[in-house]
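Residue numbers (the working numbering), protein chains in the order written: chain D, 1 to 348; chain V, 1001 to 1294.
Hints listed in this document are in silico derivations from the structure and should not be mistaken for laboratory results.
Positions of the beta carbon are idealized from the N, C-alpha and C atoms, including for glycine.
Check each hint, because a few of them may be wrong.
To be clear about the criterion: a stretch of chain V counts as covered by chain D if any three or more of its residues have a C-beta under 8 angstroms from a C-beta of chain D, and this derived list gives those stretches [claimed, not checked]:
(1) 1030-1040
(2) 1102-1116
Beta-carbon label-pair distances, calculated as ranges [to be verified]:
(3) D/S71 x V/A1217: 33 to 39 angstroms
(4) D/D38 x V/F1110: 50 to 56 angstroms
(5) D/K35 x V/L1261: 53 to 59 angstroms
(6) D/K27 x V/A1195: 27 to 33 angstroms
(7) V/S1290 x D/V179: 21 to 27 angstroms
Covered stretches of chain D (in silico footprint by chain V; criterion: 3 or more residues with CB under 8 angstroms from a CB of chain V, positions within the stretch not fixed) [claimed, not checked]:
(8) 84-90
(9) 95-107
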Amino acid sequence: MIQPIIKIENISKTFISKERKKLFRAKKRKIEALKNVDLEIYDGEIFGLLGPNGAGKTTLIKCLTTLLLPSSGTAWINGYNLQKHENLVRASIGCMLMGERGLYWKLTGRENLDYFGALYHVPKKIRRKKIEELIELLKLRDFIDRTVETYSSGQKMILAFAKSLINEAPILFLDEPTVTMDVHAARELRSIVKGLNENGHTIVYTTHLMHEADELCDRVAIIDKGEIIALGTPAELKSSIEHEDVVNVEGTIPPNVVDNIRALPGIREAIVKSEGNGKTKLGILCENSRMMLPKIIEVMTANNAQIEYINPQDITLEDVFIAKTGRALSIDTREVVKKRKIGGQSSR
Amino acid sequence: MSVESKEYTICKGFGTTELNVRQSISTFIDMSKKTIVEFSRYPIAFVAMFAQIFLMILMFMFAAMMFMSSSEPSSNMVPLVGVMIYGFIINMFLSFIIWEIGFSLREEQFRGTLESLYLSPANKISNLVSRIFAILIWTSLMCILAVVIVSYILGGLPAENLLVALGILFFTISGCLGIGLVFAAVTLKLKETAALLVNFLQFFFMIFCAMFFPFSALPDVVRNNISRYIPVSYCVDAFRSVLIGLPEGYPELMPLNIEILIVIAFGIITPIVGYFLYKRIEKIVKIDGSLGEY
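If we strip away everything but chain V, and leave its shape as in the complex, we get (with noise of 0.2 angstroms):
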């Protein structure tokens, strides 16, 4: 005889309870919460990262000013510095979210505590968005900052159809989430294995998305075979496009409203391929055991 559920259901506890959008809220920014306690227990490593920022983009954009000759007006370097601010930007976007998402799983896995993550009712998927939403914000706020310094010291950066820009970043954002959804599957099965991948896709996507030179400096062989079919050039491509206001030969790979449609669809379906990638990936650490080894 089968114990079939209601008539033998013994409702105690809290977790019984039916779940309500107010309390998956309170849950998600506990969670959230969490995250930027833990940080705020590692104050140096906390500086350093986003100190790290502005020696970035202080870097990228000395190495601008290195090519462009005392005659030329600095207006003319303007673009060009935008051009590797913004896809900086992308960069960053991307860089944090794969990283985070795959870096703090694998710590849980080596600390225990992804079990004790499994061992609850609350949403897994939604543990992993919280672990960077926190750091997205800060990201944001810093990256808003270092335009405004770069700004200050070129006397001027273009920052035109802001709201385009924005959707563009959106889009870019929740596409860069379902790829650290598929990272995050990947770093579940391939543990350790995972964090030197994320090194090189970071690259990977550095250079062949030209984050942080124009697309006309990649060979034409590389342009065509390796960054068309790359969903995250589009979005490099239209973010900078537009903000630093669509200038004759922006953007590079395709018409703005085709890259714009590209960038949609990259953010609408990528989270939903990482979504179910990291469910089957989740049932198959289940079955073969490997969901708690470290």
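Bound conformation, chain D alone (with noise of 0.2 angstroms):
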């Protein structure tokens, strides 16, 4: 039997925040960062934690990794309870959360590394030869000997990703760890990864990169305002809304279009993706996409929008967030369409 290597039970967090009214007036806001969350993550997966910013993803990490003590419910991180054995569950992860803040600057990578390791009690002998393999596997050597305030975002990233690595823990925390790094950059860490979990580690990920999420995770969970809204496997989310097509569409497209849109029979939701110098990015879920194309592009005209492109596609994470929430996933993610029901039945 596969065995949970992190088990969170009916974990909640709630914060007190302030709203500042006047001088010296606040008022006080509760905020509801994670909802009863329950989730098992088995040894050796590459799990994927999605979200838009704000759902709960970072508070989620943080009270598994000792960060932030939940509200309540608890959690057992490689058998070691949350509450109880700090330390111990400590020991036992590798995080990289700040991104690249987190780093002494006025100190070299390779004394960032030997510092951390220090701080996770790793002996000299063995903290050295990690270190050296680090360089090699991360391909550090140009800069490793160089202050860490000289690095490029992407270099103070890549020595952040391998700060996570100095303590060989069993379980890696990555919290949108490709998040300021190029193309190539990215791919590459996300190939070690895949490395990493081959030989055994497992890997808690989570981003906001639907394609990523895809490419790499055994399995997804969806968390949207503090709660699991989809748990599974990328293939299994995606087929779980299988009898609907998606149908992008980009181009100058007035407002009135996308509720035109939504009201066309076997139009389960149209959202709108982006906006942005006067154009739009629509994303359009309906039962079968060939039929509905003419029709779309009817509406589209008669309104006086201008295609540019139009195209039915796979199904993506990204379809699937949109099918649970009625909202798009982006960076800074907006509400951009209010969620509705079409056709009696609830988009979530």
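Work from the hints to combine the two standalone chains into their complex.
Quick look at the structure:
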């Protein structure tokens, strides 16, 4: 039987935030960042946590890495209870949470790795060997002996990644590790993550990049407003909305067009994925894209929309997110359309 | 079903092994080494900080000389300079400890390295102490050098009862560490505001613990209602009194044996209070999520 290396039981986290009203007045507001999260992550899997900014991904990771105390619930990491065995939990995990922050800028890359190795009580001899291994693996040789202040963002990120590997922990938490990397470096990091997983590391990977999750993760949990709204392998999640097709449209699209498209029979949802420079990207979920394509074009042209690109496409994890929440997922996720029910069915 | 520890434990990685004393000491040394390396990357600040110590000592020494008439024998001036210099030494230890702990904690918060530290199984108190360990050694060397220089200029500075003085200094430093931990806890929660507090505290102790002048210089109302209630006052009084050879009128606040008892209590109780307060605030910031806020 595959055992859960991470078991989360009913974790909730509520923050009290202060909204400044006047000079000395503030109004307290409760924010439920996590709501009764239950999850099991198995030994040896790459587990993806997907969701827009503010969904609760980082809060969950911070709870699991002992940086935050949950308001209720508990978890076991590598067999150790989160609240009872804090230090053993910490020793069982390697983390890359703050991106390029979390490094000493006046120390060289090597000194940083050595210092963090010491914090994890890695014996000196092993530490030296491990640092050399990491230099080779992550191609750090060119800049490892320079102070971190001289690094580019990408170099800082890769050093932060190396830092998370210094204690050879069985579990790795990687929070948006590719966020400031160029395409090539990100691709290389993903292949290293895969390699680490093949060597037995369990990896918890948070991202808002659907293609990354699709490429890497064995299983994925989609988190939104502090709740897990979907859980399964990428294939399972996609097949859960397989009866739907997706049509992507780009062009100059007046706002009323979206509502008119939604009103068409056979359309399940129409979402503005992004807007800017007068261009709009639209994602349309429908029952049969071939049948709906002429009708969509007809509505758009009748409303003076200029279509620059239209394409029925395969279902992605982003479409799963749209189908579950009625919202698009992007770096700066905004609720661009209100979730609505079509044909008496909830889009969730 | 809950996962009950052992049967589910998959022990991989270095940190899951039991930590022995040797490894703990080695980690502490590595932490201190890192502080020194970081200091060495700011050479001008490093040199300026210690040059400043000598300039301050000279300033106080010349100020003391100003009040001496030329007809008076210089031997009268020596105890007064001793009062100043030895008070200054306590001031240096206290200031460096509270400033260094609070400031470096704030800096770690700002850089994001505090969260990295909290992700590791390293002892957090040990880490705080390591930040000042190196600077304490350096400060001690500077103090010795300063005393030698002043002694040379004046043609001799009293340095009696050295062992007792060192004992008093040991408990004083331990007590200051306790204050440092309290201050670290405050910094963890209040962040930037704590820097203002440390400035205030430095001057507060400087004045009300009569660090650069005898307690007799303070008005009675201040000495009896404020100074006597601050344990650091007894550290200052006992330390300098024994070093200048317990002349008449010294110690000024209490008989020496009582002062020493107060200093020992201060050196034992304050770190314990500081530790528990730090742990308490640490829990609070982990609940409200402000540990990594900057």
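Contradicted hints - numbers only: Checked against the structure, the hints that fail are numbers 3, 4, while the rest are satisfied.
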